[in-house]
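K.L.:
Chains Y and C: place on chain U using the hints.
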Amino acid sequence: MKTVYERPKSLNDRYFHYCPGCGHGVVHKLIAEVVDELGIQGKTIGVAPVGCSVFAYWYYDFDFSQAAHGRAPAVATGIKRAKPGSVVFSYQGDGDLAAIGTAEIIHAANRGENITVIFINNAIYGMTGGQMAPTTLVGQKASTAPLGRNPQNEGYPIRVCELLSSLTGPTYLERTAVTTPAEITKTKKALKKAFQNQLDGAGFSLVEILSQCPTNWGVKPVDGTKFIKEQMMPVFPLGVYKDISEERKGSK
Amino acid sequence: MAKEFVKGNEAIGKAAILAGLDCYFGYPITPQSEIPEYLSAELPKVGKVFLQAESEVAAINMVYGAAGTGVRVMTSSSSPGVSLKLEGISYMAGAELPCVIVNIQRGGPGLGNIAPEQGDYFQATKGGGHGNYRLIVLAPDSGQEMADFTMHAFNLAEKYRTPVMLLGDGYLGQMKEAVEFKTPERIKTDMSWTIGNQEKNGHQVISSIDIEPEILEQRNLRLLAKYKEIQKTEVMYENFMTDDAELIVVAYGITSRVARSAVEIARQQGLKVGLFRPKTLFPFPKNELKNLTSRVKKVLVCELSTGQMVEDVKLNSACDADVYFYGRCGGVVPSDLELVEQFKKISEGKGVIWE
Amino acid sequence: MSKVKIAEINCKECGLCVEACPKKILRISDRLNAKGYRVVECIDDNQCVGCAACAKVCPDIVISIYKD
Numbered sequence: 190m191k192t193v194y195e196r197p198k199s200l201n202d203r204y205f206h207y208c209p210g211c212g213h214g215v216v217h218k219l220i221a222e223v224v225d226e227l228g229i230q231g232k233t234i235g236v237a238p239v240g241c242s243v244f245a246y247w248y249y250d251f252d253f254s255q256a257a258h259g260r261a262p263a264v265a266t267g268i269k270r271a272k273p274g275s276v277v278f279s280y281q282g283d284g285d286l287a288a289i290g291t292a293e294i295i296h297a298a299n300r301g302e303n304i305t306v307i308f309i310n311n312a313i314y315g316m317t318g319g320q321m322a323p324t325t326l327v328g329q330k331a332s333t334a335p336l337g338r339n340p341q342n343e344g345y346p347i348r349v350c351e352l353l354s355s356l357t358g359p360t361y362l363e364r365t366a367v368t369t370p371a372e373i374t375k376t377k378k379a380l381k382k383a384f385q386n387q388l389d390g391a392g393f394s395l396v397e398i399l400s401q402c403p404t405n406w407g408v409k410p411v412d413g414t415k416f417i418k419e420q421m422m423p424v425f426p427l428g429v430y431k432d433i434s435e436e437r438k439g440s441k
Numbered sequence: 107m108a109k110e111f112v113k114g115n116e117a118i119g120k121a122a123i124l125a126g127l128d129c130y131f132g133y134p135i136t137p138q139s140e141i142p143e144y145l146s147a148e149l150p151k152v153g154k155v156f157l158q159a160e161s162e163v164a165a166i167n168m169v170y171g172a173a174g175t176g177v178r179v180m181t182s183s184s185s186p187g188v189s190l191k192l193e194g195i196s197y198m199a200g201a202e203l204p205c206v207i208v209n210i211q212r213g214g215p216g217l218g219n220i221a222p223e224q225g226d227y228f229q230a231t232k233g234g235g236h237g238n239y240r241l242i243v244l245a246p247d248s249g250q251e252m253a254d255f256t257m258h259a260f261n262l263a264e265k266y267r268t269p270v271m272l273l274g275d276g277y278l279g280q281m282k283e284a285v286e287f288k289t290p291e292r293i294k295t296d297m298s299w300t301i302g303n304q305e306k307n308g309h310q311v312i313s314s315i316d317i318e319p320e321i322l323e324q325r326n327l328r329l330l331a332k333y334k335e336i337q338k339t340e341v342m343y344e345n346f347m348t349d350d351a352e353l354i355v356v357a358y359g360i361t362s363r364v365a366r367s368a369v370e371i372a373r374q375q376g377l378k379v380g381l382f383r384p385k386t387l388f389p390f391p392k393n394e395l396k397n398l399t400s401r402v403k404k405v406l407v408c409e410l411s412t413g414q415m416v417e418d419v420k421l422n423s424a425c426d427a428d429v430y431f432y433g434r435c436g437g438v439v440p441s442d443l444e445l446v447e448q449f450k451k452i453s454e455g456k457g458v459i460w461e
Numbered sequence: 056m057s058k059v060k061i062a063e064i065n066c067k068e069c070g071l072c073v074e075a076c077p078k079k080i081l082r083i084s085d086r087l088n089a090k091g092y093r094v095v096e097c098i099d100d101n102q103c104v105g106c107a108a109c110a111k112v113c114p115d116i117v118i119s120i121y122k123d
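Chains as they are written, first to last, in the working numbering: chain U, 190 to 441; chain Y, 107 to 461; chain C, 56 to 123.
Only chain U is shown next, with the shape it has when bound in the complex (with noise of 0.2 Å):
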């Protein structure tokens, strides 16, 4: 018998503190899958954000480094520029990307820096429980928009990839879904471009990933999946973004 599919080696045993069928744990399947076939265990450093991931580095076997929210592209930054031959990633939320962390993730990616940028986006806040998120929909009901969001007190849902695509700085910036299978995979296939882009010295690589929170979103998780497919692709289009990871190969 041949083993098609198995916990990967850098994952641990430890149960996953995540709600049933939260994208988190796909995720973190997936950044194990790839850590492990590309062979970087040995030298790969995680930055961990606040959120509900606050804790991803109870799950990996490597090193780990918690940042202060919204933070994590500066600590990886400084990681990296400590060991540049450390395979440096963030896992970061919405709310710790996108709201506090804006400033740090667009100069991050403006300087090129050479790390893997994972961006979870389930467009609401997660572990504070479900307040409304830079990337919340309009009409989105969240615990501090308890009457859907208005777009004239609001604002709009901020497209991150789109948003750093301005930039000449990043090299690769793809947004992806874990719904079915097919996407599961389309994700896995970015997360492993993302990471070797940092083996090559390609410079900054980020990958949205649609998710969803079924607790926040109060859906069953078969639910949460048709949310992400109907509400939230259109408003955040699937794709590759920017990619010139050929041309800025042994750059950095």
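Please keep in mind that the hints were generated in silico from the structure rather than gathered at the bench. The model shown is predicted, which means the values in this text are computed figures rather than measured ones.
A partial selection of chain C residues facing chain U, derived with a Cβ cut-off under 7 Å:
#, residue
1, Gly70
2, Glu74
3, Ala75
4, Ser119
5, Lys122
The calculated lysine-lysine pairs, modelled on DSSO-like cross-linking and capped at a C-alpha distance of 27 Å, are:
#, chain 1, residue 1, chain 2, residue 2
6, C, Lys79, U, Lys375
7, C, Lys90, U, Lys409
8, U, Lys418, C, Lys78
9, U, Lys378, C, Lys122
10, Y, Lys151, U, Lys438
11, U, Lys191, C, Lys60
Note that CB positions come from ideal geometry on N, CA and C, so glycine has one too.
P.N.:
Relative to chain U, chains Y and C alone:
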């Protein structure tokens, strides 16, 4: 060794490089911008990392990242910029990360001005950011000490795995003095806790969060024990003409230079005055002050503030010692003659007790 | 050896694998695990084609898949 005629800010930069600075992350702010400017030119020459961050917040978080890997890392700013860093400093204290933070103080509060002040004493010595932590705070009084204390700061930071603050001010930063740059001794410490050092197995985590209250309490008690050890071991101070003094002036930094001159003038006029100069503001020289004030009953605290260090002086002086305060702020610095007037007033019984 | 190995202790009854399986051989059982979730089970292991769609969508690494 030959002395160099350098600005205080540059003395810090050069001393840091001699002490083995690996990474500097900072942001321009008057009156300390010469530090990033100097290091932007000099660090790349020795193959080390200089990066101007997008803000003081980003800079302290870059420091947090790099410090976790065990390299020698520094940031610098001035009062309002240090306020921005306080969250990151609290994180570094909690995660027990070594680093050097330079504060070249300016007028406050708020935007204040770019002239020198000593209004950040509370911020520096009482934590400043949230939580139960302290910084080691070194207070140089000259270009020479700006250099020497920078070197000492790196060793202290690694010895105790804690951030160390160098508390200067705009005068010390901008003044040019003759400085002898020594070759510092680099004391090796255990680095097995760091990340990114691939020789070892298992995984290291740099973090300041403990979700379970009993575990977080343990972390806080560990930090407390550390600060108690620092209080026992790392106090530095200077006594100038205090042996037979009837009045001592307590001052640090640039103010202590003025006070020193004032003491000399006063002595010529027959007043028995001495200067007690804390060199470490945390740990505060509590025992030394207690001993001094068991004999000397008149203490004048002089600061470029409306009264911050005076609280610690009062707390640690003998109960029957009279504590007075004289301060200027906003960038105004008293002259030596101004202080001599204060000495005379107090000696004649006309001083106003500080409350 | 079965093709579908289920670590029941990790299952959180999210139902994503049941939806994802193209052969429709997964279902939520009546058995509770220690956390109080009703765990997933495979109705007919022989029908498993080893596509691992279930393992891919599972957020909790409940399912391991093997093939002849």
